[in-house]
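Order-wise, the sequence lines are chains A and B.
Read in order, the letters of the first sequence are residues 1 to 499 in our numbering.
Read in order, the letters of the second sequence are residues 500 to 796 in our numbering.
Because the hints were derived from the structure by calculation, they are not lab data.
It is possible that some hints are incorrect.
Part of the chain B face toward chain A, derived, beta carbon under 8 Å [said to hold, decoys possible]:
| id | residue |
| --- | --- |
| 1 | Asp562 |
| 2 | Gly724 |
| 3 | Trp727 |
Over the 12 Å line for every Cβ pair with chain A, so calculated as not near, a few chain B residues [claimed, not checked]:
| id | residue |
| --- | --- |
| 4 | Arg612 |
| 5 | Asn673 |
| 6 | Glu681 |
| 7 | Leu721 |
Where a beta carbon is used, it is the ideal one built from N, C-alpha and C, also for glycine.
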Amino acid sequence: MRKAIAVWAIARADFLERVRRYSFLLTLAFALYLGYLATTGKLMLRIGNMRGIFNSAWIGGLLSLVASAFISLAGFYFVKNTIERDRETGVGQIIAATPVSKFTYVLGKMVSNFTVLGLMVLILAASGIVVQLVRGEDRHIELWKLLAPFLLLALPAMAVVAALAVLFEAIPFLRGGLGNIVYLCVWIAGLSLPLAANTRALDLVGMFVVADSAINAAHLSFQNSGFQFDLGYFDYPLSTFRWEGITWTAEIVISRVIWLGFSLVLVALSAILFDRFDPSRGRPPRDRQKVTPISVPERYTASTQVIATTLTPLAVKQAHSRFPGILIAELRLMLKGQKWWWYLVATSLVVASAAVPSAEARETRDQTYQLIFSAPHPIARQLPAVWMAGVVVALLTGCGFGFRLLLGGNLRGLVAWVIGLLFIPTFALSLGVWSGTGKPFEVLYSFLCYVGPLHAIPQLDFMGSAPATAATPYPLIYLILSCVLAFAALLGRERQLKS
Amino acid sequence: MRLLIENLSKEYRGNVRALSEVHLALGPGVLGLLGPNGAGKSTLMRILATITQPSSGRVLWNDSEIARHPDSLRAVLGYLPQDFGVYPNLNALEFLEYLAAVKGIQAGAARNRIRELLELVNLTEAIKRPLGGYSGGMRQRIGIAQALLNDPEVLIVDEPKAGLDPEERVRFRNLLSELSGERIVILSTHIVSDVEAVATRIAILVHGQLIANDVPEALLALVSGKVWEVVVSSAELPALRLKHLVSNTAHRSDGVHARVVADAAPENAARPLDPSLEDAYLFALGRQRSRANGGAA
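The shape of chain A in the complex, shown without the other chains:
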């Protein structure tokens, strides 16, 4: 009983701490955006050239799969900071000195993650009613048919995602950027492998549960069905069929309960790997790293020591601008101290999100803002240098693609690529200034990369990586967007200085 109370208390405090942050609105906005995509038909579930009519069952099936597939990506990044927050704030040290067990603590954190993800699912479920009314193909709302897929498909998937987020935080090398990239790979594999291998046992999302039932209703076989998600505009007509929803057999329900059990296994594994905030299991604390053992040259204590106070006078007290110097320093800050894999990933651009760290969040993260903001002309001197450093890093890491465009004489593509180079650091800068953390950039950028350049959706292909994108007005839109974001970054920095 006491353990249950502790789990509840940990989850409650963590949840309250999260929902009272402005960034939580971003989470809700993301869920609403998914609902909007489904309402406007930009996110479509189809079986060959057919789709179900928009009744409660079809909308429930569609949106629960949207929730499982997309919230499992973005939601992971949103919630993967709960243990880190305790580590950074130092609350973890207090917790570590209490009798609470590692399993109880980690379970509490997982429950908090699950609640946040569940809330996103709930919003999407509520938007399902709006979708049904707006689409107007069948206005008879059947709550069970609408909500059951969320309850039995999306929520078990969210439990696994919530547990995975905790597990990634418990494993030291997966806590940071590498973990984000690894998860992106896990997520892609998790979505594509079960379908590619036709293996229902690995179907976390519940794709087969919906597909089997809907395909049956459409009188098709699975192999010939072409069951898939589509994102974007559709200019071809789809014929419709009526689907009355999933028949929830014991076999299906048990298969979903097994995923819940799997999430508890992940929690148990996290508890084993969790270091309980022991700093000695990582690198030595900063104040210890440079301690010289025993032999100290001075005769008496530091408080009695005489220190030479003659400093060389500065010939010119304040240079008007040292932009190159600041730029080099910013580049050094951006590139130095990264792990080996960062250089590997950045160089190969396998995952573009590692290319430009959200530099502006650094001031908040490293608590250097008091130093930066008290220097003369912090906006005119430092902000452009940060941005330029980001452009240089993006240029260095993406130059292979640029050369290919240049050698191929693809000037339009080259222009789109250059705009992309400007967009990435501007996006990072603006989000970093306004949020004070690199997390929103990591989340949105991962998502953008996946659905934009990787899936060649022109609207989101900010790098112009698909040949067709260069011919569209989207590069120009991204140029305008970059200008707007740059202006927003300036405004944000002004606001920081005044606050």
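Dock chain B against the given chain A, drawing on the hints supplied.
Showing chain B alone in chain A's frame:
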């Protein structure tokens, strides 16, 4: 009630030695743990708080080794870390309720205890304000309140007075005195005056080694007859500092009144003074460093 630290050593990765063969036996009362920054105090505190494991040696709480049975100590432990934070979007009540549940305190008892503690640390009026809006001193007081939530038998406070104003410091000092009756209180600091009024025993840690562990009177006896007041001009002060251990200075109309710790009077006009704990502490540090360098104090 007994906390025994036996030959405790801690080495971080990269052969950084934080503690070396520390041995201490603690009973009820206040232990003032003194040492310069980087001496290993926080590492020792973290080991005692069951957060960090020692590299060698052991800590016994009532004959139970805390590395093996940490919960035996955790159940009766109050810990105020050196650098701790709060959840900025929770208010004091929510934050303390959360920690009370984590510490396994029943909800009803916790509510009463929290109310009393918030009164004790003078935060009743700010109870509903988010902690993110608290000043450094107010946060520190929240830290003190959380450490006392479970009515601890062992109270560990690591550099507790940072951010507290003079009135709050006195209040906290008095609180520690009142609490220390049937408890083990370990107060770690590098400020001697923090422990002077409350410590029943003082330990000095330098570069991970325990160089003193005694009652205050015994430490004072070390410098008995060795503390002098010398009046010099401001220009002469640097030379005096090079020659002697100067523990304090005060500017007066007739010059600088320097407090000097030396075996013999530094000059004929030197006036003997009663030793303070700060003199004893600085003397012990100077002696340790001289030994480490192979010289004489």
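Could you check the structure against the hints above and give me the numbers of any it violates, in ascending order?
1, 2, 3
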